[in-house]
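Peer 1: Here are the chains, one letter per residue:
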Amino acid sequence: MDYGKLILVGLLQAALIMLAAPLLDGISRRLRARIHSRRGGSIFQTYYDLFKLLKREETVPPQASWVFAATPYILVATLLLLAMIIPSITLMSPLGLVGDLFAVIYLMALVRFFFSLSGLDSGSTFAAAGSSREMMLAVLIEPAMVVVLLTLALLAGSTNLGSISVQVASGQISFLHPAFIIGLLAFLIATAVETGKLPFDLAEAEQELQEGPLTEYSGRGMALMKLALLMKQVIVVALFLALFLPFGGAVDITSGSLILGSIIFLGKLLVFYTLVALIENAVARYRITDVTVITSLSFGIALISFVFYLALS
Amino acid sequence: MVAEQLFIMSILLYAAGAGASLLLGKMDRHANYVAAITAFLAAVTGMAWAIPVLAGGAGFTLNFTGFIPFTQFVIRVDQLSAFMALVISLLTAATALYSLSYLEEYSGKGKGLLGFFMNIFIGSMILVVTVGDAFYFLIFWELMTLASFFLVSFEQEKKESTGAGLVYLIMAHVGTALIMLSFLLFVSKTGSFDFATFSEAPLSEGLKTTAFILAFLGFGAKAGIIPLHIWLPQAHPAAPSNISALMSGVMIKTAIYGIIRVGVDFLGATNYWWGVIVLLAGAVSAVLGVMYALAQHDLKRLLAFHSVENIGIILMGVGVGMLGAALEQPMLAVLGLMAGLYHLINHATFKGLLFLGAGSVLYRTHSKNMEKLGGLVKRMPFTAFAFLIGAAAISALPPLNGFVSEWYTYHSLFLAAKSGSWWVTLVASVVIVMLAITGALAAMCFVKAYGVTFAGAARSHHAETAREVPPTMVAGMFVLVVAIVILGVGAPWLVPAFTSVAASLLNQPAVPAAAGMIMYPGFLIQGTLSTPLMAILLVGLVTLPLLLVALGGGFGTGRRVDEAPWACGYAYNPRMGYTASSFAQPLRVIFRAIYRPQTHVKGPRYTSKSYFEGPVHYESHASSLWEDYLYKPLVAAVMRTGTYIQKLQAGSIHLYLLYIIIILVSFLLIATR
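As they're listed, the protein sequences go chains A and B. Going by UniProt numbering, the first residue of the first sequence is number 1, and it counts up by one from there. Going by UniProt numbering, the first residue of the second sequence is number 1, and it counts up by one from there.
Simulated from the structure, these hints should not be mistaken for laboratory data. One thing to keep in mind: the hints can contain errors.
Reference listing, derived: stretches of chain A covered by chain B, where coverage requires no fewer than 3 residues with Cβ under 8 Å from a Cβ of chain B [to be verified]:
#: 1; region: 77-83
#: 2; region: 126-138
#: 3; region: 150-164
#: 4; region: 170-183
#: 5; region: 213-222
#: 6; region: 261-271
#: 7; region: 286-296
Label pairs and their calculated CB-CB ranges [stated by the list, open to error]:
#: 8; chain 1: A; residue 1: 172; chain 2: B; residue 2: 634; range: 53 to 63 Å
#: 9; chain 1: B; residue 1: 567; chain 2: A; residue 2: 266; range: 41 to 51 Å
#: 10; chain 1: A; residue 1: 171; chain 2: B; residue 2: 328; range: 30 to 40 Å
#: 11; chain 1: B; residue 1: 539; chain 2: A; residue 2: 172; range: 33 to 43 Å
All C-beta atoms, glycine included, are put in the ideal place defined by N, C-alpha and C.
Modelling step: build the complete structure from the supplied sequences, incorporating the hints.
Peer 2: Pasting the structure below:
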């Protein structure tokens with residue numbers, strides 16, 4: 001295998017995810033407007049917002065330390081690394097050598113850790129409330145995610161994401177395996193919670209917490225934080241796609257199949273975002289203590305999936 | 001040859017440090033310097049002999065004349081001993097540096113005595129992990145326990161310290177008694193106290209299990225396995241912080257050493273139940289340990305509970321190792337044990353660092369109550385940075401060391417889940433999920449610990465006027481920061497050494513677990529990890545957002561410090577900042593079955609006037625399940641039995657004579673029968 005080429009593919013993939021994230025957000029904003037019977041802005045509006053923010057002066061509270069200043073960069077860099085690891089336009093993981101499932105979980109934790117810490121570091125009460133919720137949510141949803149990931153890894157015999165993708169796409173792991181289908185359901189809930197969209201928009205709850213940990217950010221810091229959050233959404237969805245719907249990813253590394261893979265990947269994202277936009281306009285936000293109902297449901301379904309694996313193996 | 005001499009030199013240095021410190025007792029300052037410097041030198045000497053043994057693989061044996069007729073004083077160093085000695089020496093070196101200034105706090109309180117006990121404590125730990133004889137093992141074990149007991153209750157004027165000391169003393173001795181019983185089982189069959197004969201002891205299956213369970217419980221009491229942990233969150237915070245670091249960082253690891261020595265080395269881990277017991281005890285300790293930690297607002301108590309958690313994670317690895325040995329799957333056995341040992345050294349570095357950091361905060365603010373701290377990052381930047389690195393490492397964030405060992409723990413469990421019958425899959429999977437929950441909770445807890453202590457606004461006068469600690473204390477902490485980074489980023493080059501320790505213990509060939517810059521658990525297809533590449537990529541990728549900002553014109557515009565965080569239009573007050581309790585509040589509500597939170601409100605309430613009249617006192621705390629339902633009934637039962645037995649003691653000589661005669665007669669009857 002040509003590792004050099006794969007790293008290039010990884011970089012390409014990371015760039016694609018970074019560039020697509022604001023566009024997908026723009027599209028979902030437009031969709032929401034349409035559902036509200038409004039005209040809505042351009043689908044490129046999010047890019048305009050980000051670039052405007054980049055140029056603005058940054059204002060920070062006196063309590064903020066270097067953690068507050070460094071967090072946006074740490075988040076974007078970590079998410080770029082994640083984007084390189086998760087197989088999206090290819091079936092193989094472009095950066096499989098660097099990490100597997102467990103590494104992905106802990107890189108996500110790294111993102112969450114600094115995101116949450118930046119909220120406390122700003123000294124703002126709203127930010128801190130968001131921070132507390134962010135970590136809380138992880139505690140609630142992580143068990144379900146791990147059960148599903150473990151079941152899939154056991155089915156595939158490997159924790160390498162690429163290896164799982166290849167086996168699902170080639171039918172070695174049957175789409176009709178009960179553990180797979182039920183696991184898909186549980187992971188779908190987990191994905192919805194992790195993307196932080198309604199009804200799970202708890203940490204950055206705009207109307208309630210003034211965007212949680214983002215409260216005190218402004219200017220370039222805000223631009224990068226927003227970008228990071230958008231990228232995180234795409235990456236969480238990409239992880240779901242890589243594990244459960246990897247079909248259409250490039251098998252070999254030729255420019256033709258890579259372009260095709262990218263287009264299929266973007267298409268899948270678009271479908272996902274459209275569905276999410278529909279849901280977002282139909283529901284209200286959960287209270288943090290009520291989220292346990294959904295997360296325990298997800299955990300329960302995940303457990304059933306695992307039991308099916310045990311029974312059928 | 002050299003290793004032996006260095007070993008003796010290092011022990012003599014500890015002894016000399018202890019003696020000199022005691023002699024200089026009156027001259028406080030000198031005693032402290034002498035004690036700390038000798039401990040540092042002894043630790044460096046310790047590393048100088050341990051590293052070659054680890055790298056070269058050849059141990060050594062030292063025979064001393066038998067001072068006591070029925071037993072031999074013998075030092076037997078194998079790879080495991082060298083590994084343990086390295087861990088102890090590494091943390092000692094950092095702590096000794098730190099102690100140079102830290103102990104200024106204890107001026108006029110008998111620093112000579114403190115230095116004496118500190119050196120005895122460390123020296124006896126080294127001897128515990130190297131001695132090759134059960135009798136002397138118990139002597140050094142007891143010496144270690146007593147020295148640490150005196151250190152825990154060093155601050156006599158504090159009720160907290162003496163109380164904690166008492167609980168510690170009781171629990172430690174219950175543990176020692178169980179260990180002694182376990183060793184006696186071996187001795188009764190081999191007729192010798194020599195560890196070398198223990199592995200050939202002709203014990204029946206039942207006796208083997210008994211010996212293992214006794215040792216596991218005995219060592220478990222020292223390690224702080226739930227529910228034997230109750231002394232730990234009391235004793236570790238009560239000791240001076242440099243001692244807390246040593247107790248949490250290495251002393252409880254000597255118990256892990258004991259469990260491995262007895263379970264794997266002596267008994268060969270032949271019964272798969274032992275592995276399962278260790279595995280489940282580890283999982284329960286990990287999850288509950290971190291849950292209790294989250295409810296704390298005393299910084300050192302929080303850290304102590306995290307030791308319970310991390311001992312649990314170490315035991316997960318050890319448990320998989322024992323399971324692998326019993327199932328005769330060498331790869332599983334070696335990987336599991338290696339994961340446990342790796343986490344052991346990692347925990348020593350980051351927990352040592354965190355306790356030293358907490359000590360620095362205590363040194364400058366005289367408070368370990370997080371609610372009264374805050375904003376220290378501006379005033380103690382080096383301490384804050386070191387603490388943050390420790391917090392990231394203990395939360396297993398890549399690419400630091402905690403992540404590497406947890407990654408191997410995950411993979412050894414995954415390998416177990418894949419390779420056995422369905423019940424092994426079930427047990428291993430349950431433990432994997434528990435490890436994941438532990439990870440998420442630990443991250444939350446350390447965001448809280450760092451965020452509430454160091455970030456935000458200062459919430460007390462002491463926190464506001466704090467300043468950075470003296471350079472030697474900073475140096476002590478940074479030694480450990482460097483160790484954390486090396487053990488994390490440099491992992492691919494260190495893993496082979498650790499696998500060889502595990503393999504030598506199991507008499508197995510080394511297992512491939514790293515090649516070049518890549519780590520993998522046995523087989524490449526299982527999954528791979530490369531922390532150096534990860535670190536390089538993370539640093540490299542930071543350039544992209546920087547570039548983005550530069551292109552967007554972000555660096556041209558300024559950065560302005562506004563007067564206060566936004567507070568809904570009200571004037572900002574430091575009391576608005578989040579505290580430890582508020583951060584963990586949602587969790588306390590959701591898991592109230594475990595925390596059983598109790599709130600006490602005193603003052604006028606439920607009237608329209610209550611908002612304006614007089615202060616309202618609000619108090620909320622989590623109660624301990626184990627103390628209420630296990631230890632309190634136990635203590636009550638012992639007390640009750642005591643009162644019954646008291647009735648025998650009527651104070652009348654005639655009655656006592658009657659007892660003696662009754663017992664004599666019954667003995668005679670038994671003897672002549």
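Peer 1: Going through the numbered hints above, which ones does this structure break? Give me the numbers in ascending order.
Peer 2: Hints 4 and 6 not satisfied by this model.
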